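Let's have the full structure, built from the sequences with the hints guiding it.
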Amino acid sequence: MKTQEPCRRNHHPYKVQQEFEIQFQGPCEQNNPLLYSKLSAAVTQYLEARNHCWDVKCEFSNLTIFCGPSTDNHRYRRSDYFTVMWNVTISNDDRLAKSFINDILTAIEQELSKVAELLFINVEDQQYNSVPGSVKVSPPNWMCKTGEMIQKDYCIPCPPGSMLNVTSQKCTFCRVGFYQEESGQTICKMCPDGVSAEEGAIGLSYCISIPAIDEMSKFLIITTCTFGFVFLCLVIFMYLQYQRQQRKASNVKTAPNPRTTTTSVYVAPPPFPRVKPVNDGFGTRDYMYVHEYEDIENASQVSKMPNPNMDALYRIPPHMQRRLASTENIYDD
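Following our numbering, the numbering of the sequence shown begins with 84 at its first residue and continues without gaps.
Subject to a maximum C-alpha distance of 20 Å in a straight line, what follows is the list of computed SDA-like cross-link-like pairs (lysine to any residue):
1) LYS121 to PHE149
2) LYS228 to GLN268
3) LYS253 to TYR237
4) LYS253 to ILE270
5) LYS98 to VAL220
Hints are computed from structural coordinates only; laboratory data are not their basis. All of these numbers come straight from a predicted model, not from anything done at the bench.
Quick look at the structure:
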C-alpha cells in the first residue's frame, strides 16, 4: 500500500524571528507608559528609519522592559539600570536564501551596537543612557508554514498519509484507522464506522472492513499459540528422553562387565604323602588316596577293609608293568 509520496518539494523558510536586547542606565519603571513610548521611538523607529531590511518586510514588535541585569559583565545596583528587549520578524515571502536573511539580521545588530555608544532619552527630567557593549541577540528562529517541518535549511511539507506533530515539529504517519489525502496538514481524518486503515493511509479508499482484519488477527493468534504449545511439548519430551538415556548410561558404567578377566589368587593343595614301596627295584610309583580317586578299580573295597594295607593303594604304571612282566619271563626261563 502506498503510504507516502516518494519525493517531497522543499523551499526556504518563509519567516524568521530574532530577539534583541540593550541595557539602559537609570531607574526601572516598568509601568511608566511615557518611558515605554520613548524607548520604542528611540530604538524601533530608529532602526526602521535606517531601512536595513531592504526589499523584505521587517517588523519590530513585542517591546518589553525587564528590571535587573541580564549579564554579570556590568556591575550596577539593581535600581540603576534595566534591559529593553524586542523581536525583529522578517517575512520571506519570496523564499530567499537563508544567507540573505542572515545578512539583514547582522546589519541590524551592528547598527544597534553603534547606537548603544551614544543613545539616551529624557523622561520627566530623568535621563536614561544606553550601556555601551550591552547589545545581545538570540539565535534566529526559522519558521515554516503550517503543516511543514524544517530540515536543515529548508521547509518540507508533510506528504499525504502524514501530519505535522506540533509538539515535536516533525511529520508523523497517520495512526491506524486514520488517513490524509492532502499534504501540509496538522491532523488526520478518521475512517468511517465499520472500516479501518493501516498506518500512513493516503485516502479514504484505503479504509477496509474491520472484520477482515479481526479474522486475520484471530487466525494469527490461534496459529501462534498452537505452534508454541506443540513446540513446548516437544522440548519437554526431548528433555525427558535425554534424562532417561543419561540414567541408563550411568547404570551400565556401575554394573560388572562379564567380558573382563578378573585376577584370582591360586593356592596350591598340600603335597601328597609318599609311601615307601615294598620292593625298591620297581622304580617310581604314584600313590593315590581312595577318597580322591574313587574311579580306581577295587578302591571302594579296600576302603572297607578293617586295616587296609598301604601297598594296595598304589598301582604300577603301565610301562613299569611291561618291564616287570618281561623280567618275570626271564627268571622263569
